[in-house]
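The lines below spell out each chain.
There are 2 protein chains.
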Amino acid sequence: MINATIITIGDELLIGQVADTNSAWMAQQLNAAGIHLRRRVAVGDVWNEITNVLNQEKLNADIILMTGGLGPTSDDITKQVLCEYFDAKLIVHEPTLNQIKNLFEVILKRPLIERNLKQAEVPDNCKVLFNKRGSAPGMWFEENGKIFVSMPGVPHEMKGIMEDLIPALSAHFKFPYISHRTLLTIGVGESFLAEKISSFESALPFYIKLAYLPNFGQVRLRLSASGEDKINVDRELDIFFTELQDKVKEFMVTNVDESMEEVTGKILLKNNKSVCTAESCTGGYIAHLITSRAGSSSYFEGSVVAYSYAAKESLLQVNKNDLLEHGAVSETIVKQMAKGALQNIKADYAIAVSGIMGPGGGLPQKPVGTVWIAVGNNKNIRSQKFNLRFDRQRNIQITAVTALNMLREFILEEENA
Amino acid sequence: MINATIITIGDELLIGQVADTNSAWMAQQLNAAGIHLRRRVAVGDVWNEITNVLNQEKLNADIILMTGGLGPTSDDITKQVLCEYFDAKLIVHEPTLNQIKNLFEVILKRPLIERNLKQAEVPDNCKVLFNKRGSAPGMWFEENGKIFVSMPGVPHEMKGIMEDLIPALSAHFKFPYISHRTLLTIGVGESFLAEKISSFESALPFYIKLAYLPNFGQVRLRLSASGEDKINVDRELDIFFTELQDKVKEFMVTNVDESMEEVTGKILLKNNKSVCTAESCTGGYIAHLITSRAGSSSYFEGSVVAYSYAAKESLLQVNKNDLLEHGAVSETIVKQMAKGALQNIKADYAIAVSGIMGPGGGLPQKPVGTVWIAVGNNKNIRSQKFNLRFDRQRNIQITAVTALNMLREFILEEENA
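For the record, the sequence lines run as chains A and B.
Each residue of the first sequence is one higher than the one before, counting from 204 in the working numbering.
Each residue of the second sequence is one higher than the one before, counting from 204 in the working numbering.
Possibly wrong hints are sitting among the right ones.
Simulated restraints, written as ranges between beta carbons of each label pair [said to hold, decoys possible]:
#1 A/277 with B/435: 33 to 41 Å
#2 A/441 with B/377: 57 to 65 Å
#3 A/474 with B/401: 56 to 64 Å
#4 B/292 with A/476: 42 to 50 Å
#5 B/587 with A/588: 23 to 31 Å
#6 A/277 with B/292: 36 to 44 Å
#7 B/292 with A/501: 37 to 45 Å
#8 B/410 with A/251: 15 to 23 Å
#9 B/310 with A/528: 27 to 35 Å
#10 B/295 with A/476: 47 to 55 Å
#11 A/371 with B/310: 46 to 54 Å
Read the hints as simulated data drawn from the structure, not as lab findings.
Think of the CB as a built atom: it goes at the ideal place given N, C-alpha and C, for glycine as much as any other residue.
From just these sequences and the hints, can you work out the full model?
See the structure below:
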């Protein structure tokens, strides 16, 4: 099996000022290509730390992918470290030099200075992986059959280089085939699921692995297998995956690896229907989730985020007396919000939410975490109350996912009626 | 100096199905407490991998914090590994047992099964760190003066345990003092900034470190120093920080470590003013950023997310003929959106955005990345065009941050007029 390590380099990762989103994305790419990621390590912009982790990781990994520390400023030292580590001297890489000149003079229209030009220099014994989206090139080194690759830490630049890197690695190594099947459940706990499928799990052959991936009211179940024979691996996996789906069908939202907003978006697209949202406590997050998907304009019309009473009245025609009588977090109001959205935005379906996300704003009869969700269309609106027990960010996220699932169920039941 | 390592455990981290947000948060907490985080390592749910990384990291770290692998399902093995590693046997922890019973029977109202009860078992030589938000307790081990702590990977459970852990670590060790000063610039590149402050940077004493933290049109500059004498460290740091602020003042948004939405929110709060948004291409993301902050209801009234022409007309009274003549992504329309929002939502200020975020939807005269932003109030609306060159997610993020900054500048200029 080909083993890989990801090394992310940067002081900012160690004081937590920047969340590392690169590693997860890179891990996905490696996994899809059949490369086993064994470890991810983050170290600071410190000479010894970088050489130490390289020495350590090359003992167990065939591929070492590095990101970060290639910027133009003096805290970035990765290129200098690699130059010494691989006993190289720096030379100018002409295509990168032209790229940098073009980037600054034509696109950014910013003054081009010496330290930007320095970014066109590369160790003379590396293969350059051209950075089509920025100024710091990727670098490919070989030592005793191991591959070392250094890439910039800027996510979209790294991704551009990875697009070319994966095929190059595939050509260099002969990877075993790895395959996964993933399904998503909602509204049921990890341990309850585990109990439900315990006999299935214990009967799995050793070369098929089951993982539980919980995430705010959702649990992903993933079956994985690897082997030399692609057809056999996939056929076996499909047999067990069919059995697994049957065991959890009452909680299953989708049997492909996709998000709740993708599932709901696809149903809307297939039915040629559209949705709108009326959001209070989620503050536009449901609309953001839906519109994060390219192509969502085919099924998303718009939203009203009504935080204040005044906005609820003017944008959604919520009744002032009902607001005063029942409060904004109530069944009466969330249903009026859904109706108002349908009327004003003219989508086929509406999602409406009103709740108390915390940390402040709780009341004795409506503590933090109280949420009303309504979904429906012009014929019928359904509502439900939830009591969440997380922090503000998680309460917003779980409310959004729950609301999208309620809409999914509403549409499916309507189809089956 | 006290060194720490964070070890995150879970197969899901190595195939990229879950982004690791725990590490960044934990890093922040350690940093604030004056603990130097030397490394972060992610490994799979594999017995040897866990023991290997423990053996490796304890050579260089005084504190080893682990998260993950404590769930009730069979892929979670961290507790068993630690039991063997520290030569312990499992015993029932009564307070945790009661917590689990209460969680399932009273709060979740889900059946309590054997594998949940197993979570109340802990190695007999660890100190239990009670998990007030879930069923898997934290565990504190000591070996040769080193501290090993294992916590669940569920973020809000880990955070609850960390709240008690940091004071316990502070009591156990005597930490040197570490201090940071951070400022945020917007609209200027990392290398241009570096050039502007190069003489400042090269004159810094060895014990003060400067870091550049770029993030989509924003660059954070951070000065760090550590030492035994808190007063001296802070006094020296303040002198250099004052000089740094002066050097970059024309690009500086704030001189504390806060986000663009916090900066704008604070100005609104101070002036007792409110804002609303009219969003097309950002799909509610600006509203989401604003409402992510607790207390935002004091200065945020609401938003209209108008994706379709129809929603722009009905919710923002955008003129149909102008839409047809100029297109939705135009100065005329974005100004009308701002006006419509001010009129309907009745906030003091409005932010309006319309653009093409990609990957589809580009036109020859309006390529992907074309964005119009308008900010203003009932007296005056200002607009500006931008040409972004990132992917969909980044284009949405940079548009939101740029719009919030335009509003900040608008308010400050109004104050100074």
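Comparing the hints with the structure gives:
Take residue 277 of chain A and residue 435 of chain B: their Cβ atoms lie about 25 Å apart, and the range 33 to 41 Å is violated. Between residue 441 of chain A and residue 377 of chain B the beta carbon distance is about 59 Å. The supplied range of 57 to 65 Å therefore holds. Taken as a hint, the range 56 to 64 Å holds for the pair residue 474 of chain A and residue 401 of chain B, whose Cβ atoms sit roughly 60 Å apart. Separation of residue 292 of chain B from residue 476 of chain A is about 59 Å and departs from the stated range, judged on CB atoms against 42 to 50 Å.
Between residue 587 of chain B and residue 588 of chain A the C-beta distance comes to about 44 Å, which lies outside the given range of 23 to 31 Å. Against the hinted window of 36 to 44 Å, the Cβ-Cβ separation of residue 277 of chain A and residue 292 of chain B comes to about 53 Å, which falls outside the hint. Checked against the hint of 37 to 45 Å, the pair residue 292 of chain B and residue 501 of chain A fails, with Cβ atoms roughly 60 Å apart. Between residue 410 of chain B and residue 251 of chain A, the C-beta spacing of about 18 Å keeps the proposed range 15 to 23 Å intact.
With their beta carbons about 30 Å apart, residue 310 of chain B and residue 528 of chain A fall inside the hinted range of 27 to 35 Å. With their beta carbons about 53 Å apart, residue 295 of chain B and residue 476 of chain A fall inside the hinted range of 47 to 55 Å. Under the hint 46 to 54 Å, the C-beta atoms of residue 371 of chain A and residue 310 of chain B, about 52 Å apart, fit the expected range.
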